[in-house]
Structures are given as structure tokens and as C-alpha cells.
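Chemist: Build out the structure end to end from the sequences listed, making use of the hints.
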Amino acid sequence: MKTEEMILNMGPQHPSTHGVLRLELVLDGEVVHDVKPHIGYLHRCFEKHAEAMTYAQVVPYTDRMDYLASMYNNFGYVGAVEKLMDIKVPERVEYIRVIMGELQRIASHLVALGTFGLDLGAFTPFLYLFRDREKILDLFEITCGARLLYNYMWVGGLSHDIHPDFVRKTKEFINYFRPTVVELNNLLTFNKIFIERTANIGVCPAKEAINLGLSGPNLRGSGVKFDLRKNDTYSIYDRFDFEIPVGEGLVGTVGDCWDRYYVRVQEVEQSLRIIEQAIDQIPDGDVSKEIPRRVKPPVGTVYHRVEAPKGELGYFIVSDGSVNPARVKVRAPSFVSLSAIGQMAKGYLVADVVAILGSLDIVLGEIDR
Amino acid sequence: MQNYLIEIFGSEIVAYILATVPVLAFIVVFVLFAVWLERKVSAHMQDRLGPMRVGWHGVLQTLADFLKLLQKEDIVASANDKALFNIAPYVVFVTTLITYTMLPFTSIFIGSNADVGIYFVLAFSGAVVAGILMAGWASNNKYSLYGSLRSAAQIVSYEIPTALVVLTMIMLYGTLSLGDITTAQTSQFWNWGIFGGPVLGIGKILLVPFMFVAFIILFISTLAESNRTPFDLPESESELVAGFNTEYSGIKFSMFFLSEFANMFLIGAILVIFFFGGYNSPFGYLGNLLGIEWLIPIEQLFWFLGKGMFFVFVDMWLRWTLPRVRVDQLMTICWKYLIPYAFFNLLIVGLILLI
Amino acid sequence: MSIYDLIFYLFATLTIVSALMVVSSDNIVRSAFYLLATFFGVSGIYVLLGADFVAVTQIMVYIGGILILLLFGVMLTSNITNVEIKKGTAKILPAVIGIGVLLGALVSVMTRTKWKLQLTEIPQTTSFELGKLLITDYVLIFELLGILLLIALIGAASMARREQE
Amino acid sequence: MIKNYLKNTWEGLYTVFVGMKITWKHLFVPSVTLQYPEERAKLPERARNRLFLNYNDCIGCMQCATACPVNCIEIETVKGIPTDMPDPTSKGQKKALWVTKFDIDTGKCCFCQLCVFPCPTEAIYMTDIYEYSEFDRDNLVYNFASLTQAEVKEKQDNFDKFQAEKEAQKVAAAKAKAEADAKKAAEDKAKSEIKPSDDEIKE
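Protein chains in written order, with the numbering used here: chain A, 7 to 375; chain B, 44 to 398; chain C, 85 to 249; chain D, 92 to 294.
I should point out that these hints are in silico values taken from the structure, not numbers from a laboratory. Hints may contain errors.
Result set (DSSO-like, lysine-lysine): computed pairs, CA atoms no more than 30 Å apart in a straight line [as the list claims (entries may be wrong)]:
#1 B:K185 with A:K352
#2 D:K112 with A:K141
#3 D:K116 with A:K175
#4 D:K133 with A:K175
#5 A:K42 with B:K185
#6 D:K133 with A:K177
#7 D:K244 with D:K268
#8 A:K352 with B:K379
#9 D:K112 with D:K192
#10 D:K94 with A:K54
#11 B:K185 with B:K247
Modeler: Structure (C-alpha cells):
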């Protein structure tokens, strides 16, 4: 039977495009033939802007890229500049950075898991997870005063030392949070309807995932055991004992939406493990000792990559020896993830596009920059 | 009831119009209450408080919202099919409202204890589809059209398991009339449909599990017919923005809203009538005990509304627990699961009734 | 004029006007929706005649089934609203003959029928009797029809199934 | 196949009940939200909200304005004159400048706190005030300089006058010098040509 293709614009104003993203869906009935993402609605000229800023002033701008994981954006940027300037930061700073980074990873994953549920119509888990994310934000707030855009990690150190209550409150949080993961699994992860909606949907085999350049939980969901914290270790991640969860196709095929989702659930648990190990080992010291008064790196280039919650976050910085960077290029994980949607969504239904988009966990602030 | 009203007013027309007033008033008040309840239930299930400002714990919040909706600008886009766009909400509302004529609220207040009873209810809840299709098509919006087509497919499909279970229950009671079905379950709660209804002896014990299965099937399929989560595909906000009522605002939107909530109570009422004794009290009436005759209808109203509200609450409870199914899974649930189960259930109940 | 007369005229007008609109409307989707009103009017008249079961069946089958199918077909066909609908008279002679024959038949039936001038008794509801008859006298036809519909159901389900690849 | 079918049915119903049990439990969990205008969360002491300037402590060093990545701080200063110096800061640090303008456009501010750290006198800091919405965008520009327009003018005039006096003094001195030189030159006419003095070039 000859049928006509229909073009449906999903977004830029749509409840489940996670921001201002426009997806152009080519449909045959409800079956998706092609998905073309149109981006740029949130473009803020980050890279160009950075050229007019001093190295220290760029940090608040990195906050605003992946605004759900600002700490990790800072982490990557300061790591890159420190590499360029060859600064060795104190031990205490490294430990605090790792703890903050892992807390941020949990917070980011909680949003990812919650909104994924929301995309599939489960509203309640979303609010439970946001309730717990709030607790992490409280931890950040007592430390640096901000809840979303921290500007916490500076080149060579940290803006504030941790709050005296921080260690106690973090331990309290870990104890409080563990049962929530179990509850989430009962309420959402192993719910039959949820499994039916996500298993065998948006399957991305390992080979294709590598070809597409996916990273982070999206790559691991396809069964590739690759994590920069282990494979290209930075900071002090080599001191901690944790596992890299990968998608195993527990309820469907390896690399489906459910696997990507479940990898995140498991990563939350692994992050808790890292925090537990690190929180007891924080050495004494001064966190602002190594902060240079004027950040003026020598002429040169650097590429530094970190395992951000959404995947491989890389900073390529060119220095011309002045106080302003000559070029800052960001390898944003969400951007690469979004580019995979065309291949992933082909042949599935409109409702699956929402599920696939949700499982990729994109943040438009990072895609458009 | 009608005769009484005709006697008072002397005119049939006035009497009939007046007889509809309590039902209409009930629906409006019920919807105001149910929307508030929905918000409160969802809020407390999500560790929130919900509306707290207007009145005690926000009981008047819905009234305030309703007044706001009435004042809103009535937006009709230039590309809409204006006549159909304007009629559609009323078609949906009226077809839902018509079904209330058959509901026995108490033993004395029943719109029409007609022989067709449940058949009438099923027919008109199917006719809602026409209104929804009208809304979706007249909106001239792809999301609305998708929503309305999905809704139509969903309601038409789920009529089959509903009808099969209704058939099972009709076999049990031997009548289509909802009033007669209720009277068949009088006196104590073990006469309720879920416990085998008026059947006596060994058949009653054998029937209980199958009645339970029938109840679950009817619950699921009527839930789907009223477009509630997990079957709220026509208005699934994460895919279709708001489905067939995307383009509506103000009073017309509130008409859809009214009919959705009226539908929720309707399915609750149908379940109660079939399985939980309708307006019958589970333990006998206080009015009989005290010898006050006028107390009985009030008690009956209380039980009927109370049981109905319980199922409305369960609907809400489900909505705030479950994710939404996909459109093809919706059909899978209907055709591959509910219909075969309902069919076998029908067969077995028939056999049990024969022995 | 009693309330029954009033309701009868209401339904009759509804039926006739909407039926005229069905054939005269420019827009095919609108025609389909006018058909809704026609069916509804007809079922109202059935009720007044005491055929409550037929009336409800009319709504169930024609509105809930056939009309919805029709609308589905119309809506899912792309560009249907842009199609020019021919409304002018094309072949006058056959039309006149056809209408003449039909009119003659109707008029002859009308004049020959012995009309009840006064409603002597309120028409009794039929569903109970109908149910009895279906299970006793016409049980074979009923069962055969049931099987036929079941076959149709199974056939529809198997046709709607996605092809295994 | 039948087994799978029954298993699916069972799982479908069972997991729904598991979920319902959880939400039922949460129905009785006390709410975690606050009724905002009546109840307010206590902000930690490091809370970063609206910027505030302790004007008396500001020495007009411009470091905050330089550090700001969005240029939301505008500072203008006038040099103090010996007879009219601004009071020292609360910690006794001497000020050399009158801060005639210190505007923070909170509409632009990105709450990065970068301006707070360089401040030598801890005059600029972030407060815990977070409700300051305005109907007019211009009202979001906060003027912290407490000098009135007249005072600013006065300081400017004073400085100009002072400058002019200084200029005049210098000119006078130069003139005197020049005159002296001229005298000298007139005296030693025959000796050499007059050279322009260094002072004159500098001025």
C-alpha cells in the first residue's frame, strides 16, 4: 500500500525535548523513518566568548554548559589549564574535587533517570529523585554557596574549603540515599510497563556505538567497558576501588534504552562507593595555596578529557601566552550523543523517539554551548 | 422519582429538566472535588503538599481555577474548522453525561431503570469517540489529530474486553438493567458480584476467582476507555503535548476536563454496580435499625458515592505510580491479553452457571 | 402537544436537516460528522417507537462502529479535504426515474398503512422479549452470526499483525 | 509460549502492585517541601545571592570590576585632595580615592563570586537576599555610592580645582623658574641659547 510520509516537528517547544531542541521526524503513520535534530536554539557563543575572558573568568562560563553537572565542567576545564601550566594541586584539593565530582555525577544521573521516567509518563519517581538531588545541592550550597552554577574549582585549587559539616552531612546523605536506589528499582526500573517501553528500543550495538563516537553511560550501555576514570585515569581516580557497569541486556538486547538507563542506576551506586572511600581519606591542607594570582600559561596547546556524567568531556585549549586563552574548544558528550539519534530511532515509533532521546540524557546547554 | 416530580410541577417537561439538575450538579461538584483530590493524592504520593492556599488545604483551589478558566480568552486559531471545533467539547461532554441517566444512585433516584441499561452506557461511551475525533480533526494540528486517532482506536478496541466481561456479568444477573443488577445484590456483602452475586451453593465458591479475574479485566479495560494513565496515550504529554485538547482553552477545555472526570466516576460506578453491590450497604442499613425510612436513601447514596470514589482514588493511585504504555503495547494488552482472558472467563463462568 | 410529539419533531428535524447537510456539504469530513447527527436522530425516533434495543444498537453500531471507521478512513487519507466534490446534477433522467419509483413506493405504503391515530398504549420495551427470542426461537441464527463475527474478529487480528521479518 | 504468556501477565500485575505499594507508603510520608512565603529555608552562611557593597570600606581599586566576567560592576573614582580625603575603612586602611560611582547591574550579575575574592578590604560580598525582583529593569541597577550628585560635582570640582591649583602652582613655578632663567639668561646673554625645561615637557 502506498502511504505518504508525514513530517512532524517535535519542538522547539515540546515537553520532552529536554530544552529547546527541534526534532524533525519523518513519519509513516507512527513509524519513524528519519530524525533530524535541529540545534542552536540555546547557542551562547561559549567558545568565542572564552577568548575574550581571562582563564579564571572562563570557569563560570563552563558552569553554564552542562548546567546539570557544573562541577564536572569545572573539573575538566581546570584540569586542562593545570596541565597547560604544569601545576600540581595539593592532595586535599584532589580529594575534594573527586568527591564533588562524584556527587555531581549522582545529581546529574538522578535528573537523567527522573526525566527518563517522566518521558515515559512516570511522574512520581521523577519527584522522588529530585528530592534526593536537592540533598546533594544542599551539600554544594553549604560548601560554595551556589546550588546550580558553582564556579567552585579554580585553576590550582578551590574557591572555598569544604564546610566543617560537609563530611558528616555527606555520610548522612549516603546512608539516606542507598534505600532510594532500591525503591527506584522497585518503582520504575523493574516495572513491567517500563521494561516494555524501554527494552529492545533504540538498540545501539557496541560497534555502532563506537563508530558514532558515543561515550559515557551511552557507550557503556552498549556493552563497551570504557571509562576514562579507569582507562585514561586523571586526578586521583586510580586510588579508588570501583567497577564500571556495562549494559548486559538483562531484559532485552544489549545497548537498548533500558541498558543505558540501568547503567546509570548502577553508576550512582559506584559513585557512592567512591565517595565513601574518599571521604575518610581527605588530608589536611590549604586548598588555595597553589592558586596563581595571574593565570598566564605558556604558549602551547592542551587537550584534557574527563569522564563527565554524560560522557567524555574534553577541553582543547590553545594558549598564546597572554592572560586570555586564544581558543577553547569543547568536546561535548551530549552533542555526540544527540547525533546518534537518527540511527537509533529509525524504524521505531514516535513514542520511542521520546524514550530514546530520554535515554541519551542530553543537555542542550552543552550541545549548543 | 419522575412521577413524583411530575406530580409536583404538573408538567412533564419541567419535571424531566429538573430531574437532570441533581445529576449535572453532582458532576460539577464531583469534578471540583475530584480534581482537588487528584492534586492532593499526587502531591502526597510525591512527598509534596499540593494546593494549600485557597480554603482549608486548598479545597477551593479547583473552584478558583475553574473561575479562571471561565474568564480565559477563547482562542480559535484561524486554521481551525470553527464549527466543529466549537461543537466538539460539547459532544464529548453530552455523550458522557447521557450515560449518567442509567446510574442507580439510590433505590429511588435513578434516571431511567431501562431494560437496556449497561448496553446504553457502553453505546454512549463508544460514541464519545466521535466527539474526540471531531476535536482532533477540527484543531488542524498534527499532535491533536494523532491524539484523537489514538484515542478512537483505543476506545473502540477496549470496548471488546469490556463487552465480554459485561456479558459475563449479564449471564450472572440475567438482566441488562443496572437498577435490577443492584437489587439482585441486596442485603449482605456476600451477595455482591465479586462473591458470586445471587448464585447460591457450590457455584458461589467456584465463581469467586473468576469474578475476581472479571473484575480486574473490567477495571483495566474501563480505565483504558476513560483515557487514564497508564493508558492516557491520547493526551500523553511527553509525546503529543496534550493530544486532542492541545488547541483548546478556557471553557471548552474545561468541558473536556469535566467529561474526563465524569468518565472516571462512571467507570467507578459501573465497577461498583457489577461487583460491589451498587448502592447496597455491606452490613444492612442504619435506617432499618432505627426505623427511619428516609435515612435509607441517604445511606445508599453514601455507599454508592463512597464506593465509586474509592475506585476514582485507585485510578489516581495508578496514575501516579505507573509509566505510560506505548500505542502498540496498548493494543497488545487489549487483543492478546484482555480479550483471551475475558473470553475464557466468559466460557468458564457460563459453565459454572450451568451446573 | 405532548412532550413525545415535541421530541419526535425535534428528532425528525434533526434527522432530515442533517441528512440534507450530509449530501450538500462541501467538505467530506463535515459530511461524516453530519451523519453522526442523522444516526442520532434516527435512534431517537426508534426510542419513541418503543424499540429501545434497536435504538441503542443504532448508536453502538452506527456511531460507535461504522461512523468511526468512516472517519478513520477519511482522516487517514491525505489531502482528502482538497478534493473537489461534485454536487451538481449529472444524469437527470435516471435520477428522476429512480426518485419517482422510490417516491411512488413510499406514497403507496403510506396510503395503504392503517395508521394508529391515537397512541393507545405506551410502547413496551423490547429488550427482554428480544433476549428471550434470541436464545429460544432464533438460537441457531444467533449462534451462526456469533461464529461469523468471531471469524471476522480473528481475521482482522491476523491481518493487522505486523509481518514477521 | 503459554508459560511466557502467563509469566508476562503475572509480571505485569505483580510489578504494578509493587509500585502501588511504594506510592501508598509515600502517601503518609511527611512532605519535604516548604510552604514558601511563610516557611523559608535557612540559607547557609556561604550563600551566594545578591551582591552588596559596604561603601565605606571601598577604596575604589577596581579589582572587582576587572574580575567580573560579565562587566556588571561600574566604578568611577575621583582622587581625593589632601584637605578633603575620604575617611579610612573600618579596618583603618587609608583611602586615596573618592568612589563617586559604584553601580552593580544585578540583572547582568551571574553570581560567580569572582569579584568577592580579590577585594582587599572585603567591602564587596554576597548576601543572602534572593527576592529582589522589579517591574522595571532599571531598578535592578543598584547604586552603592552614597555621594549625592552635588557632592560628586563638588569632589570633582575640588579635584579639578586642586589639579588646576597644582597646575597653576607648577605653571607659576615654571614661570618663576623661566623668569629666573630668563633673568639669568638675560644676565648671561652671550653665553648660550635657552633650552626648554624638563618640567614643561612632562606637564
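Chemist: Against this structure, judge whether each hint is valid.
Modeler: For each hint, the structure was consulted:
1. B:K185 with A:K352: Holds, at roughly 20 Å.
2. D:K112 with A:K141: Holds. D:K112 to A:K141 sits at ~25 Å (cutoff 30 Å).
3. D:K116 with A:K175: Measuring from Cα to Cα gives roughly 26 Å; hence the hint holds.
4. D:K133 with A:K175: holds, 16 Å
5. A:K42 with B:K185: Holds: A:K42 and B:K185 sit about 18 Å apart, inside 30 Å.
6. D:K133 with A:K177: holds, 21 Å
7. D:K244 with D:K268: violated, 34 Å
8. A:K352 with B:K379: Between A:K352 and B:K379 the Cα gap is close to 26 Å, so the pair holds against 30 Å.
9. D:K112 with D:K192: Violated - the C-alpha atoms of D:K192 and D:K112 are around 63 Å apart, more than 30 Å.
10. D:K94 with A:K54: Not satisfied, since the Cα-Cα distance of roughly 61 Å exceeds 30 Å.
11. B:K185 with B:K247: violated, 52 Å
Violated hints, listed in ascending order, are 7, 9, 10, 11; each of the other numbered hints is respected by the structure.
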